[in-house]
Structures are given as C-alpha cells and as structure tokens.
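**Student:** Here are the chains, one letter per residue:
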Amino acid sequence: MISDLFSMTVLVGILASGIRLATPYLYAAIGETFSQRSGVLNLGVEGQMLLGAFAAFYVALTTGNLWLGVSAAIGVGALMGLAMAFVTINLQAEQGISGIGFYLFGLGLSDLLFQKLLGTVETVKGFPKAQIPILSDIPIIGEIFFRQNVLVYLALLLIPLAWFVLNKTTLGLKIKAVGENPEAADSLGVSVARVRYFTIILGGTLSGVAGASLSIALLNVFQQNMTSGLGFIAVALVYFGAWRPWGVLGGALLFSLVNSLQLWVQVLGIPIPSDIAVMMPYILTILVLVLTVSRVRPPSALTKPFERGD
Amino acid sequence: MSDFSQEKWLPKLIDAALPVFATIAALLVGAVMLLLLKVNPIEAYRAMWDGAFGSQNALAETLVKATPLLLVGLGICISFRGDVINIGGEGQMIVGAILGTLVGLNLTDWPGWAVIILALVTGFLGGAIWGGIPGVLKAYFNVNEILSTVMMNAIAVQLMNFLLRGPMIDPAQAELASKIPQTARLLDAFRLPRWVPTRLHLGALIAVGLAVLVYILLWRTSWGYRIRAVGQNPDASRYAGIKVKRYIVLALVLSGAFAGLAGVMQVYGVNYRMITDGSASGFTGSAGFNGIVAALFGQLHPIGTIPASILFGALLVGANKMQRVVQVPSALITALNGLVVVFVVSSEIWRRRRQKRRMAVAARELEEHPPDPDQSDPEESPEVTA
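Those sequence lines, one after another, are chains W and R.
All residue numbers for the first sequence refer to this note's numbering, where the first residue is 38 and numbers rise by one.
All residue numbers for the second sequence refer to this note's numbering, where the first residue is 5 and numbers rise by one.
Worth flagging that the hints you see were computed from the coordinates, not collected in a lab.
Just so it is clear, CB atoms sit at the ideal spot from N, CA and C, and this is done for glycine as well.
The reader is advised that the hints may include incorrect statements.
Unchecked claim - Beta-carbon label-pair distances, calculated as ranges:
#1 R/Gly-58 - W/Ile-320: 45 to 53 Å
#2 W/Ser-337 - R/Arg-361: 47 to 55 Å
#3 R/Leu-40 - W/Gly-101: 47 to 55 Å
#4 W/Leu-105 - R/Trp-53: 38 to 46 Å
#5 W/Val-304 - R/Arg-242: 23 to 31 Å
#6 R/Phe-25 - W/Ser-337: 30 to 38 Å
Stated by the list, open to error - Okay, derived cross-link-like pairs now, DSSO-like style, lysine-lysine, Cα gap no bigger than 30 Å in a straight line:
#7 W/Lys-341 - R/Lys-249
#8 W/Lys-341 - R/Lys-42
#9 R/Lys-247 - W/Lys-341
#10 R/Lys-16 - W/Lys-153
#11 R/Lys-16 - R/Lys-247
#12 W/Lys-211 - W/Lys-341
#13 W/Lys-341 - R/Lys-360
Start from the sequences, fold in the hints, and give me the full structure.
**Tutor:** Dropping the structure here:
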C-alpha cells in the first residue's frame, strides 16, 4: 500500500492539496511578517482568523455573495488589528500577553456568534475551482497550480507583492527601520506609531482573509474553534521563514505538504494511526525551527514598545 | 520627604485594584453584548452569581474549577517572572495526566495512598518533561518558547487521542460502537478524598499549600531569586555569574510541572478516569489558557493567584448556569476572559508611568539630599514593587 503513495495521480493530488492547504497560512503569516518586521509580535492571529472565518461564512451564507464575505472578513480583521494596535502602541501593553487576550476574545466571540446566529453546522457553496485557461491544460503542473480557487491564486500573488513592498519601496524601508531601530527612524522623521498602526492593521486584515479562505474556500463550513491552532502555526512560520516572504512561502508549503501527505496516507488506508500522522507537521515544525532559527536574528525591536524620549 | 510618603498608599491601592477595574470593564462590555443579544444583563449576571456562589454545592464546584487554574497559574507565576512565556499549559496538563493515569491503571494491587502520591508525583514529572523540552529548545537552540509550547500542545493532544482511542482505551468502550476516547475507571481506593456531598477534593487544599511554597520559592530561595533576576535582566544576570540558560530551563520545567499536576488532579480528583472529546479543552476545560489569565490577574503573585483563580472558577461555573437560565452560550465568558487579559495588561501603563515618576522624584531627592548611609530604608528597594 505504501507504494500507492508514489503513483503519479497520488503525488499530483498531494501537491495540489498541499498548495491549497497552504493558503490560510500564507495570508496570516504574510500579515504577521509585516507586523513583526515593524517590531510588533501579534499573537492574536488565531482570534482574528476565527472572527474573519465566521464573518465571511455568515455573510456569504446570508447574502450568497462570496466577495461580500471576504470583505466582511477584511473589515473584522482590520477592526481587531486596530484594537491590537491601540493596545500595543498607545498603551504599550506586553505583546505576547495581550495577543493571548485577543485570541481568547476571538475564540469566545466567534463561538458565541456561531451558536446564536447559526446554531448548527451549515455548509456554504464556497469559491469554486477556477481553471486558468491554457495553463491549466499543462500536464501535471496545470493540475497542481492552475486548477485552484481564486483565493489560492491571490495568496500566491501576495508573496512577490510582499517581497516587493518590503524590499523595493520607501514604505518597506520605513517598516524595517522601525523594526530594527525605532529611535533612529524617529529621529529621521518617520512616525513609528503610524508605521506600526499600518502594519498591525494590515496583519489583522490578512488574518481575516486567512479565516475566510478556510470557511468559504477550503472547508466551506464554520465550526467552533475551527482554526485549532492554525494561527499560532502561522506565527511560527514567520520565524521559520526568517521574516522573509519567500521563506514564509517555503515554510508554509513544507508544513502543508506534510499535512497533505498525512491526509493521503489516511485516505489510502496505510496503517499509521491517524492521530500519530496528524502530529507529524508539528514535530517537523519544531525540528525545522531548531535547525533554522538559531542562525537568523529577529528584528531588533521585536516586542519592544517605543516611547519618544523627551 | 513627607509628600513622597503620603503619596505612597493611594497609588499602591489603585495598582492593586487595577485588575478589579479591568474585570468591571470587561463585565460592562459583556453587558453591552448581552443587550445586543436581547438578554437582560442583570438577569444573566444574577444567574452567574447564583451558579457560582448560590449554594454549598455551587461554591464547591467553583473551587473545583478554580483548582487547576490555580495550579497552572502558579507555574505561570514562575515562568513569566523568569520572562518565559509558557503557552503550553494545555499540553503539559495532558501529558501529566496521561502518565499519572498509567500509574493508577497498572498498580492496582498497591495501597490507595501510595498510588495517589506516586500518581501526583508522576503527573508533576510528566508536566516537567513536557515543559522542559521547550525550555531546552529556548535556552540552547534559541527557539521561541511561545511557538514551541503551542506546537507541544498540538502534539500532546494527538498523543492523548491516540492513547485514549487505542492502547489506553476503556475495555468496555473498545467493545462499543461509540468508542468514547476514555480510559477505564480508577479503583475507588485511588480517589482523592472529597468533602462529601460535594465534589470538592483534597487537590484544592494541596494547591493552596503549593501557592505558599511557590511564594517561598520565588522570594525566599536563591533559585527563585535567580529565576526572577534572569527574567528582569538576563545580561546583568550573566555578568553576575548566574547560569542564565539553566534558569530558563528551570522556569519552564517548574511551570510545566505545576500544569502536569493540575492535569493528574483532574483525573484523581474529579473524573476518576481520563476522558476527552478529541480536543485539548475536552480534557483540560481550557485550564491551561485560563490559568494564564488567573496568574496575570493575580499580578503574577502566587498568593494573589488564589483569589484570582476562584474568581475565574466562579465565572466558568456561573457561565454554565447562565447558559441554562438565559440561554447565553458560555462562550461569552471565554470572550470576556480575553478582554480581562487585554485590559489588565493595558492598564499596566499607569503603574509603569507612576513608577517612572517616582524614580524621577527619588533621583531629584537624591540630588538635593545626598543619602545618609545610616538611614537607608529597605522598603524603597525596587524589589518590593514586584
């Protein structure tokens, strides 16, 4: 049965679903990359995702319009980001802990709204597979990359865009300066607070979309705590990817390919207990963190609040 | 000098009351949410109060719920004081419970007291191992402990599901189609003594005793002093000759150990078997997270964490009653707990500002009146502020 894994159709299936599974991680982790590059650790990603997932699902279900659902997720994520920004920038709260607070808030509120507004698990017709003409006809590659839903394509486009913004624009320069040496950035006339407000709200927005990509594109349901740790893994992927968009892509793909592999192992009935198989991506993440993190330095001002001197 | 000492008690009182203000603020937000759900907040909160304190049984349930929060919270006091953010309470509870349960399931011919003691110690060690791994990873491989503890949670959940559905499953369940993931029931002799007719068990008392021990550990022993020194200033500690890495590991080992103890007590004091619904909270009741909330609320002080745990235990028990009486899902309380955390850490800014102002005043005093070495006041050392 193990040999079944190596047939062409199965391999293509593993790769295609691996890319699909990477989508929520990509949105959330790219958002987190921006906020961490500016010196802010946002641990509330999971809560933002849950609220985004619920908002997208509920709006899509009631209006039948998927893009309205995505917009709702963006709005909710941005609001959560705004709150997080106020607490971390103006009130200088400890970021690791306030993030846990926002996580619990999102976890509880999304569950509350789910029970009050929906009551039962319902399904929605999510984003369909959008085949890209011509490209999707390429054997193997077409099947893996070009027969996905639209949120997958957008997530993949987000990577070069994030790379471009961070490395080729003044905005990116400001973000990195604020994250490395806020005092110097401030003395050069960069508003540390404004840059961080921008990155945290952007992070919240993308976390919201990450939630939407789960509830109205990947799974097409909403359940209590449906992210089950995904947001925290997205934060880990930022460390894993050494705060670089391409590194984050590599980490997200590795993680979700292993995940996809273990799903296929179960589908094919290979006798590995499913609970043990589900463990694998987490163990792998720890191992890769051990191998990579000690060699890369995080942004110097990460988790340090900034206060202008007198 | 006189205005300085006069000023002292009021701000200190306000500091101590900050968490109370934070809770009131969260409950007010909760009231608004209840109004939006078209529920009378007064009715809802009264139901909560009744559910948590309304009868002897309610009070006992509150204390039963508070016990794991206190134990996890004690561990959090240790790790957060050492500037180590341990988010892994859930996993540490689970692993402690698994190992502790194995003791009771296998040593069936041992006397009850011996099994209970051995199980509690095993649970303590299980949590210590599960906390120690991220500790070593942080100290020696520079892996962020927030991330590794979260991963360790996920791994522990799968381990629990695997064991409770497979090797450790209750033989009776194994034959049924339902296959509820649970172990066999422990022998009656292995149960922690309880205060009949309620479910309040000896674990609550043990937890309070441990709170005093943790206080002594943190403020009266050199281990505790070094953990706190490393937390406040690792560089200075290193220059002072403290082996910083060792104390980072120790902080996580101890933190995990208390969570592990919380886990095994759920088995020997409450359920008499290990049972889950396949999620972490199915076994822990999210005590691994809520214990963090309680410890923060108690200002990371072991003794302060006692009333804080009772408060959050009351919220959890009360939430169930609220759910029954006014049909508001108890998830509301999870959301409010989150808000309490946010409000408490946000309110810290006032304490820090005041401290800064006091330092400035002290510095000015120092310039104006150079100190007289005979009249140094130990009360003013920065140690006391913690």
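**Student:** So, against the hints stated earlier in the document, which numbers end up violated here?
**Tutor:** 2, 3, 5, 8, 10 and 11
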